[in-house]
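Counting from 1, position 429 in the sequence shown corresponds to residue 429 in our numbering; the numbering is continuous, with no gaps.
I should point out that these hints are in silico values taken from the structure, not numbers from a laboratory.
Certain hints may be false.
Okay, the calculated beta carbon distance ranges per label pair [stated by the list, open to error]:
hint, residue 1, residue 2, range
1, P378, P161, 40 to 48 Å
2, T216, K98, 38 to 46 Å
3, P445, E520, 30 to 38 Å
4, G150, T216, 16 to 24 Å
5, E352, L167, 37 to 45 Å
6, P149, N321, 53 to 61 Å
7, S521, Q19, 38 to 46 Å
8, P161, K526, 54 to 62 Å
Computed from a predicted structure; not experimentally measured.
Glycine residues also receive a C-beta, built at the ideal position from the N, C-alpha and C atoms.
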Amino acid sequence: MRFSVLLCGAAISMAAFAQTDWPTYGRDLAGTRYSPLKQINTRNVTRLAKAWTYHMSGIGGAPPAARVWEASPLVVGGVMYLTAANGRVVALEPETGKELWVYQVSDGLPAERGLEYWPGDAQSSAQLFFGTSTGKLIALNAKTGRLAPGFGNEGIVDMKPGALNGLTNSMFGLSSPPVVYKNLVITGAHVQESPSIGSAGDTRAWDVHTGKLVWTFHSVPRPGEAGSETWEGDSWKNRSGTNVWGFFTLDAERGILYMPFGEPTTDYWGGDRKGANLYGTSLVAVDALTGSLKWYFQAVHHDTWDYDLAAPPVLLEITRNGRKIPAVAQLTKMGLLFFFNRVTGEPIYGIEERPVPVSDALAGDTPWPTQPFPLKPPPLARNSFQRSELATVTPELEEFCRELFDSVPGGLHSGGPYTHYSTEPSVIFPSSIGGGNWNPPSYDPALGYLFVNTMDFGSLNTMAKSSDGTRYNRLGYRGINRFWEPSNNLPCNQPPWGRLFAINVNTGDIAWQVPLGITESFPEGKQRTGRPNMGGSLATAGGLVFIGATDDSRFRAFESKTGKELWVTRIDAGAHSAPITYQSKDGKQYVLVTATGGGFLGDKSNADSVIAFALQ
1 MRFSVLLCGA
11 AISMAAFAQT
21 DWPTYGRDLA
31 GTRYSPLKQI
41 NTRNVTRLAK
51 AWTYHMSGIG
61 GAPPAARVWE
71 ASPLVVGGVM
81 YLTAANGRVV
91 ALEPETGKEL
101 WVYQVSDGLP
111 AERGLEYWPG
121 DAQSSAQLFF
131 GTSTGKLIAL
141 NAKTGRLAPG
151 FGNEGIVDMK
161 PGALNGLTNS
171 MFGLSSPPVV
181 YKNLVITGAH
191 VQESPSIGSA
201 GDTRAWDVHT
211 GKLVWTFHSV
221 PRPGEAGSET
231 WEGDSWKNRS
241 GTNVWGFFTL
251 DAERGILYMP
261 FGEPTTDYWG
271 GDRKGANLYG
281 TSLVAVDALT
291 GSLKWYFQAV
301 HHDTWDYDLA
311 APPVLLEITR
321 NGRKIPAVAQ
331 LTKMGLLFFF
341 NRVTGEPIYG
351 IEERPVPVSD
361 ALAGDTPWPT
371 QPFPLKPPPL
381 ARNSFQRSEL
391 ATVTPELEEF
401 CRELFDSVPG
411 GLHSGGPYTH
421 YSTEPSVIFP
431 SSIGGGNWNP
441 PSYDPALGYL
451 FVNTMDFGSL
461 NTMAKSSDGT
471 RYNRLGYRGI
481 NRFWEPSNNL
491 PCNQPPWGRL
501 FAINVNTGDI
511 AWQVPLGITE
521 SFPEGKQRTG
531 RPNMGGSLAT
541 AGGLVFIGAT
551 DDSRFRAFES
561 KTGKELWVTR
571 IDAGAHSAPI
581 TYQSKDGKQY
591 VLVTATGGGF
601 LGDKSNADSV
611 IAFALQ
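I would like the entire structure built from these sequences, with the hints used as guidance.
Following this line, the structure appears as structure tokens:
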């Protein structure tokens with residue numbers, strides 16, 4: 001296990017906001033996605049019905065073709081704010097979805113997962129901060145939707161200088177919302193996955209009033225910085241990747257920022273970056289005001305599987321042996337869930353380094369001989385595969401999958417956890433999109449349950465040397481790159497293909513688990529397979545967990561205590577987003593989800609809908 005401690009601090013606190021609002025992506029800076037609202041509860045949730053729908057393409061417009069949009073709106077002070085799929089940022093009336101104002105992004109698209117609200121201070125009015133696909137950080141007046149002139153250049157900061165490593169055509173943008181802490185707006189990065197050299201994935205903090213750069217945390221350490229010894233030679237230079245493309249969480253009372261980093265480029269071969277490669281695929285805690293390192297944990301050493309830490313860390317309290325522990329939980333693409341003391345970085349339920357395959361690594365690479373596994377809970381996603389586990393749900397699927405697996409002598413290359421991609425056709429579990437992905441968990445503090453959704457299907461790829469011979473590129477096999485029957489996206493491993501878990505954080509045990517999603521094309525009695533899913537959940541004081549996420553175009557409510565499905569409705573498309581809830585001026589509690597289909601799951605549904613539900 002690669003783990004280090006440099007400092008410590010005290011207990012979680014959240015900024016004051018109305019209990020009826022949803023003021024930041026995770027509802028609180030701790031990322032719990034928990035609402036105290038309980039007008040909608042286990043007794044009446046079956047009365048939920050659609051209240052209104054907002055179409056992001058505008059009235060009468062056609063939906064953006066096959067584009068996934070993963071944004072969750074914010075609701076503050078009687079106004080809803082949303083980054084929309086058609087390049088707009090909008091303010092809506094939360095009771096009706098009526099537009100109050102519209103800001104059109106002139107260069108690129110706004111961040112696809114949302115924006116951040118700042119209430120302002122004596123110097124500035126309330127503002128909205130969001131990034132764009134072209135590397136701009138934009139501040140809008142929350143009341144008018146106009147650019148905030150004191151921030152950067154008339155409301156816009158160009159984040160590319162200082163990030164491009166001198167490579168003017170290198171990709172750089174933001175795909176997720178920043179976080180605001182005191183006088184800072186803190187940003188991650190959306191960068192390339194290949195080639196190796198490109199834009200930096202550094203985390204940076206900007207003055208909330210002026211837009212001036214305040215601090216930078218080098219995600220790939222420079223010589224002399226902690227962690228630089230994990231890069232052989234000059235392999236750190238101009239290295240891309242190692243970025244927070246997902247979500248930050250923040251302990252506001254202690255001033256600690258938690259950063260889940262992705263892997264370094266290129267994703268599937270590390271021959272030109274030998275070493276453990278900090279802070280690749282690591283959870284890193286820093287002082288939010290200065291960016292100085294406190295502690296870190298590397299979840300995958302020398303990652304060559306694209307197993308980024310994508311899910312937001314969740315801050316919570318654990319009671320263990322009669323003692324309350326300030327904790328942070330981190331889900332991985334491997335479907336592993338780690339719990340740490342969030343002040344010291346010490347593991348709560350134990351972690352052990354286990355030997356993993358090294359002999360099947362690609363030529364020129366030096367794989368790490370061990371990887372960390374939590375002692376509790378057990379893996380929440382399949383991380384190995386053998387032929388005996390081929391799907392047999394229907395004769396047609398069984399025939400397809402057996403023929404595919406046996407299409408090379410001796411069968412497709414497969415094995416246990418951290419089996420390497422190969423020049424031979426290989427099945428790797430989990431796939432490069434998980435397991436878990438950016439799916440934000442939710443946490444019910446009354447039950448002490450953390451709700452986590454994962455998926456179970458594999459990647460199917462071969463590796464081939466690039467034309468210049470400097471690296472390996474990942475290719476598909478027989479026209480597909482997932483281990484599934486592609487016409488209906490049916491995984492070739494036995495179900496379940498998607499699950500929702502409740503983890504008792506005070507014991508580390510699984511409290512319950514259920515299949516998440518149905519396969520409608522299967523006969524009655526075989527449909528409850530679970531489905532590939534990407535998107536998060538919402539927990540409420542009404543004893544409910546709401547989640548879309550699946551590719552079956554459904555939105556569901558489960559009983560938090562038992563996992564019993566209490567309500568399900570068909571929606572316009574797959575909701576690959578995270579739902580929110582709020583209570584509006586009309587006194588009603590609403591539950592809302594963005595549903596566009598599309599995306600990395602190959603979801604064939606397509607819409608442009610933001611859908612609100614209320615009791616009828």
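For each hint, the structure was consulted:
{"no.": "1", "hint": "P378 x P161: 40 to 48 Å", "verdict": "46 Å, holds"}
{"no.": "2", "hint": "T216 x K98: 38 to 46 Å", "verdict": "41 Å, holds"}
{"no.": "3", "hint": "P445 x E520: 30 to 38 Å", "verdict": "36 Å, holds"}
{"no.": "4", "hint": "G150 x T216: 16 to 24 Å", "verdict": "22 Å, holds"}
{"no.": "5", "hint": "E352 x L167: 37 to 45 Å", "verdict": "40 Å, holds"}
{"no.": "6", "hint": "P149 x N321: 53 to 61 Å", "verdict": "55 Å, holds"}
{"no.": "7", "hint": "S521 x Q19: 38 to 46 Å", "verdict": "43 Å, holds"}
{"no.": "8", "hint": "P161 x K526: 54 to 62 Å", "verdict": "56 Å, holds"}
Violation of the numbered hints given earlier is absent; every hint is satisfied by the structure.
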